[in-house]
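Asks: Residue numbers (my numbering), protein chains in the order written: chain A, 1 to 669; chain B, 1001 to 1669; chain C, 2001 to 2669.
Be aware that a few hints might be false.
Unchecked claim - Computed, partial: chain B to chain A, Cβ under 8 Å:
#, residue
1, Gln1016
2, Glu1050
3, Pro1095
4, Phe1105
5, Arg1108
6, Arg1347
By construction, these hints were calculated from the structure, which means they are not laboratory data. Given the structure is predicted, the values throughout are model-derived calculations rather than measurements. By construction, the Cβ of each residue, glycine as well, lies at the ideal position given by its N, Cα and C atoms.
What follows is the residue order along each chain.
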Amino acid sequence: MWPDSLAFGGDYNPDQWPEDVWNEDISLMRAAGVNLVTIGVFAWSIIEPEAGRYDFSWLDRVIDTLHAGGIGVDLATATATPPPWLIAGHPEIKPVTADGVRLEFGSRQGYCPSSPIFRDHAVALVRELADRYGTHPAVRLWHISNEYGDHITECFCDVSQEHFRRWLAERYGTVGALNDAWGTRHWGQVYGSIDQIPAPRRMPGPANPSHLLDWRRFSSDALLELLRAETSVLRDVTPNVPVTTNFMSMFYSLDYWRFAAELDVVTDDAYPDPADPHAHLDAARNYDLMRSLGRRKPWLLLEQAPSAVSWRPINVPKRPGIMRLGSYQAIARGSDGALFFQWRAPRFGSELHHSTMLPAAGTETRIFREITVLGTELAAIDEVAGTRITADAAIILDWDNWWALDADESMPSVLMRWRAALQPFYRALYHAGVTIDFVRPDDDLAEYRLVVAPNSYLLREADANRWNAYVAAGGTLLVGPFSGVVNGDAHAHCGGAPGPLADLLGVRVDEAWPLAENASAAIDIAGSVDTATIWTEWLRAADADVVGAYTGGVLDGLPALTRKKHGAGSAWYVSYLPVDAGPVCDLVLAACGIVPAPDGIERVERSDGTTSYLFLLNHGDTAVDAAAPVGEDLITGAVSAGQLRLPPRGVAIVRHGAAAAAATRGDNR
Amino acid sequence: MWPDSLAFGGDYNPDQWPEDVWNEDISLMRAAGVNLVTIGVFAWSIIEPEAGRYDFSWLDRVIDTLHAGGIGVDLATATATPPPWLIAGHPEIKPVTADGVRLEFGSRQGYCPSSPIFRDHAVALVRELADRYGTHPAVRLWHISNEYGDHITECFCDVSQEHFRRWLAERYGTVGALNDAWGTRHWGQVYGSIDQIPAPRRMPGPANPSHLLDWRRFSSDALLELLRAETSVLRDVTPNVPVTTNFMSMFYSLDYWRFAAELDVVTDDAYPDPADPHAHLDAARNYDLMRSLGRRKPWLLLEQAPSAVSWRPINVPKRPGIMRLGSYQAIARGSDGALFFQWRAPRFGSELHHSTMLPAAGTETRIFREITVLGTELAAIDEVAGTRITADAAIILDWDNWWALDADESMPSVLMRWRAALQPFYRALYHAGVTIDFVRPDDDLAEYRLVVAPNSYLLREADANRWNAYVAAGGTLLVGPFSGVVNGDAHAHCGGAPGPLADLLGVRVDEAWPLAENASAAIDIAGSVDTATIWTEWLRAADADVVGAYTGGVLDGLPALTRKKHGAGSAWYVSYLPVDAGPVCDLVLAACGIVPAPDGIERVERSDGTTSYLFLLNHGDTAVDAAAPVGEDLITGAVSAGQLRLPPRGVAIVRHGAAAAAATRGDNR
Amino acid sequence: MWPDSLAFGGDYNPDQWPEDVWNEDISLMRAAGVNLVTIGVFAWSIIEPEAGRYDFSWLDRVIDTLHAGGIGVDLATATATPPPWLIAGHPEIKPVTADGVRLEFGSRQGYCPSSPIFRDHAVALVRELADRYGTHPAVRLWHISNEYGDHITECFCDVSQEHFRRWLAERYGTVGALNDAWGTRHWGQVYGSIDQIPAPRRMPGPANPSHLLDWRRFSSDALLELLRAETSVLRDVTPNVPVTTNFMSMFYSLDYWRFAAELDVVTDDAYPDPADPHAHLDAARNYDLMRSLGRRKPWLLLEQAPSAVSWRPINVPKRPGIMRLGSYQAIARGSDGALFFQWRAPRFGSELHHSTMLPAAGTETRIFREITVLGTELAAIDEVAGTRITADAAIILDWDNWWALDADESMPSVLMRWRAALQPFYRALYHAGVTIDFVRPDDDLAEYRLVVAPNSYLLREADANRWNAYVAAGGTLLVGPFSGVVNGDAHAHCGGAPGPLADLLGVRVDEAWPLAENASAAIDIAGSVDTATIWTEWLRAADADVVGAYTGGVLDGLPALTRKKHGAGSAWYVSYLPVDAGPVCDLVLAACGIVPAPDGIERVERSDGTTSYLFLLNHGDTAVDAAAPVGEDLITGAVSAGQLRLPPRGVAIVRHGAAAAAATRGDNR
């Protein structure tokens, strides 16, 4: 069963090297503690050099050699880049932009997601690989395709357009139902048949937002169909080998809830920018999402960079300690390992300047030293593999909402986007030491003390009813601005925002009141001043307590932050986007009995129910004496008696009883 | 006859609502004072759901219902968006960009202006509508198409290219004449036949400026042909119903002089940006233009937003008072009413977040309250309908010049554009309280004390001769920089700038001397320092008085501002672009005997020749005691004895005798 | 033989004027000192108004008239813009962008470089011209095409793609060799045949860098083939008339080393921006390059603007004195003359606002006065024609390296580009008064005391070996950062940077350490602090002297600037990009015995071996008393006794003995 230990390793491309290098690789991998490598991701044109002729000899030798060296294999299905002969024979596979440009071969992953020719060839290849390697003892995991949606998230060719129409016909049945759902009576778009409906290519002016929303859903589903086509073969041929595809953190274009449901293991490619001093905050958020996508099972950090990447305009390296700290951060938040892209510095190609575990300058480099230290450490903390994480608070994430909100035209403000709305709330909870799950809007919320919807612009009435029931049962709900505006078809809720949340929150929005760029507004919360940016609202609070009110400016005196109690529960509405959601979150956390731990140390606890492991991570540049439970630091063996000294960029993992863990979490329910 | 009262209302889309909502609409409209609504603008796909099959039943009921409710109809010809079946059957209707991208259906108004198929179908629809509703008593006005040129101002498809060639053949007769007019001997472009001439699609480098100028003329004419095709049907079938098409304020792509000549009523869609503190200055300018386009007849503000729009990146709402003030500003400058886009908040589509007279949150909103107040007030000042405005000063506006100047490549400075040149002069005259007409360069100027040409880069010799005669007859002419450079073919005038104005102005331009971005130059005017930006010139004043000279910098000591007297008249040349044209305008106003009223209150007077109505508008945030004639404020009934207190964003309309009006204007000729 | 005197004149377009203007032109040219004009550059559509029908009558008269006036002719082959009939008959000649947009006729020079139809017609025209005018006594020079690569540097049409494939087949022989050279095993791009290889049109993600590099080489060669096709005819028909094509200074897209090898005279079109206070530094660099491209023979400044150009967004004029100073700067650095674009102000076309020798405002203008002064002066210094320049230092320029470094994607930092790397080193040497030659990486370096490679990202092993030998023989080599990274195929050198320079420099680069935008790093050089921007490196200096070390920041204490001695020679490595390379260059100059002359006066010496001419140029706005050899100023006739007073923007040319010249250069080897 997967996993049985912490994985350490990375992508490995022996197909780019003479075989005499392979033995040196295995030897250095063992020295560095590598136990799992990903192979074959871009090997299609090597495995199948012409249609139907397969050459597995080299791959046989690679897998056997790795196995002999005690290194497991995450085996790619090799479908990420279709080979030149397939493109040359079927140029219609090449994807087309909204402008009608057919994108050329020469990079990677350039295929129309809806192409039946591409899919048929890919599935045939997967079946060959599954037949040949499905029972090889080295194969630990199937790695399907690569980073679905990287480069190509949508295709506007005629084949895709036909696919879209079939998808619409299935969704709506009749063109009349579609016309109703899209509101085509606006701007004279009433369709006579589904065959008249175009892909939303470049248009003279703004598109119908319902059209765009369905296009986003379709485009995500088109790639999902490819994933399902591959998993279907693999589950048929090799039911005992777990499958994954590598995600790209919090990614706009794909509804990862739907993708994750197809997988045995969620895996992530994580590339925090070393030039961004807040990168670890976004990394924590992404790792919480990965754990949540897998429904709290351990996930796996499948790719990260040892130092710099090569695809940003400026690729700043990771200074010493950052790679180790980031690896532990992923494990703290549920990853059962830490893998890298990639093992050995390449000789050619587009990733020549991407850092590697084994740099071009060899084993005497600081990177290889740091890699080896980490590999050694991970082997010593293997017992945390398989342990899980419990969260008191949840944040609602709904791709439909993200797509509707980030539509980029015809909205009150282009600055009011999902990431902008999420950021202050996630960061405030992070700084308060609160561990977060992400949930779907229709998930069962009962186990959470606090549920935050930073923004729910698109909100289905049925989901609103669920949230109502959650609060009625004693839960605490915090709803962010510009919520409850449209339903699942992107039609306005009757009576205006917050639509189906109006009774629950006790407020009505007269008008969205977006702020000009760089403008701000002040809110008085019990004498303290909070600052809004990007967004405020002309709000009426007919049936709610006004906790904070706008002060100064056009909205002076109007309610800004409200609370309405429902039995033991309460529903809060914040009508503005706070620069720092700390003050709002402090009030809400206090109300639901979660005790914050805001000492600047990142703390996450993994547990098997009996033994717990509290991870303490110091992202700062100065040492900190941090409160810790009584227990032993797995890394150093030091014993904590309530406090541990964490050096700059330092990590500790304190093993202790589960009861202590609960206490550390401030758990007193 | 149109108009017989002040119009109040807006766009109304009952086709987007169940019929049971219609009665509530009529009832609320009456409560708010609505007396005119625009209907059917985007109804083509509803009225004609398939080729040649018309469904007028719902429209019959809508018009009858409105009529029964006492509400007049501005009936659209519904040709703004061709229906999906027409596009699907004739994809060549879809317009093509300069890059060759054929723009997709899915927004609105996406048609090639030169498409005969589109035109034939549109004209057939117009005839059906005219036949059916032309005599309906509710129909007060024909609303042709919608905002010609919004989204699509030009099309580069082969059909358009053929149309362009026909247009050129008609203009030039022979390819030889065209080669001469375009100067094709430059850069080796001598055409062998008109069939060889392309639409100016994307090119490797700069285009021939004469080619571009004719393309602009043609593209404006191509849409003008569509307007004429519709008016031709309407004048034939319903000669007694006035026709309009809604303009988009001062709009680059269409020569509104030519469009306005086809209309009975000029109408404008005005969307000043509430985030722009100077928006009311540009609004005043636009309203003066609308009045001038209609040759001083009352025009109509056909669309404005009650609060925010939804098509800017950030759509800031109008704070309380701004909508009312802006409505009065339009009426002050000649609009016989104030209409809005749109009546009721929509449920779907691209304009979901555009403010409406009746917001989603209902009648208890501040917007609906402000709307109702305004509707009530307008009913009480109905007597100003039909009155007119007299101006002492005129500004020359010539689309040919605008197109030639704003060519965007191969010019001395991309910053030297029509709007940039106009702005300081219009604003200075506005701040001086001078009411402005816009005129064509070949208009009779005799009635104006002052004529300003902020820029006349393109100037025909015949027009220069007219200006000469105007000055010789006692007029005052102020010519701005970079004028008299090219003739109507965009060929340089002999001897350099100011070409045919050289004798009139008494100056010669050695060299244009554009300033680097953010640079400025100083000019000494009788000891005061004026500041130039964007533009200066190396000027010689052989035969003119030097009123101001450059001081410091490369041009130190050279003439900058000159005056040459011709009998009672005088011709001024300002060779630079002033940051603030106030000092220059003060000199010129004094010279022509116009007394400024620079107290910060916007004053415009409407009159029927006997009774006059002085509008006073306070755009400031503080109350002002403003000088006013003896008379009665139409809104409050208060009597002015020479002064009126205007609250912040306040308005007064003082009814008084026409003689008093003349005195207030400082009229002493 | 060319040249026999200093050329003065410009482009002349009599085909745009009635013949009665020609005589006025000749007369004014003579007054201004003009002795050479370029004619016919864009005359194809006039000379050949339809296929195969030639009209030379006007050109006969023009050339005869000029000859009668004593003015020589630089006769264009007129192939720069194909005529409309050729484009209309063969639209496939129009070039295609990477996005697939076929660029329209209507500008200039819009042809696919690989089009056989274009080439055949061009060559036929050249033969006609050569037959007719090759022996005309007025014809001094053939001007082939115009500014190759202006506007179109590459074409992505199918014809070009086929040409690219032929070029690849010739370069690599087999697809296997190509796959190896391009590293197509990366990202699954192994080609089955060369027919599968696309032009690098727009792709979904980053392209293979070797693919891009070969595309750059091919695109340069495609235009080179056109040049060769024309020179081939001309050398055949008129072997005694020298040929040129006008270069565009330091131009990215064309390997001018390969182009210059085809020419008898290197000519340059130089357009320093008057708004740039450092423009004269880049001009000096460009002129040094032109001289170097011609292997030190005199070259010719074929185009410059008398004042403003018309193709920048803002075209600031040249204030008085700048045109003269810039003309002398070109002559100082080896130009045998100064020509302009263009003679007479045009009446029409895209260059209407480009300044001219004879402005629209006529002969009373300051420009015409300055032109006439210069023409008169040049006639008096004719003796410098044909003299040459000797340099002590050289900078290595390799277009392959430029193309590889500036690839714009998949690199450590987009800011680390050739121009950015070159600039601090060229400027530091300029300010030190050191005259620079540019050399190829495989040139013989023996004659230089100092060789600088500001960046050699792409470095062939054979070239590294040459540099090694140069140092071993006593030379001084200064290598800039990010050098020795890849070989000629853009494959990484084994062991990491600096690859084949590792032993010579005695250093190893662990990691490139690019700096975030606007960040900087400090380097301690013997107690002084130097500042790096854009680029630093994690460097090890196993076998070199550490002359400077990083101080502060992540790299604190690591080596930054190193020197390794080899016998009498030494090799320096600077691992960062200095904001000001002055401190580094000072150390290196001292080490190789070049004495700097940093008094702010630009000094360059031309000599015939016996008599020397020291040019002194004051680019400042204040007068300077400058050290000068004993001799006579050719311009004023003043005698220098060791010092000369140079007014602001002033020039002197001191004639003296060659021995004195050497002393002034600080020549003591």
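Asks: Given Gln1016 of chain B was flagged as interface, is its beta-carbon under 8 Å from a beta-carbon of chain A?
Replies: For Gln1016 of chain B, the interface hint holds, since the closest Cβ of chain A sits about 5 Å away, which is under 8 Å.
Asks: For the restraint on Arg1108 of chain B, tell me whether the closest CB of chain A is nearer than 8 Å.
Replies: holds, 4 Å
Asks: For the restraint on Phe1105 of chain B, tell me whether the closest CB of chain A is nearer than 8 Å.
Replies: holds, 5 Å
Asks: Holds or violated: the hint that Glu1050 of chain B contacts chain A, with Cβ atoms closer than 8 Å.
Replies: holds, 6 Å
Asks: If you take the shortest Cβ to Cβ gap from Arg1347 of chain B to chain A, is it below 8 Å?
Replies: holds, 5 Å
Asks: Once the shortest beta carbon distance from Pro1095 of chain B to chain A is found, is it less than 8 Å?
Replies: At 7 Å from the nearest chain A Cβ, Pro1095 of chain B passes the 8 Å test, so the hint holds.
Comparing the model with each earlier hint shows no violations; every hint is respected.
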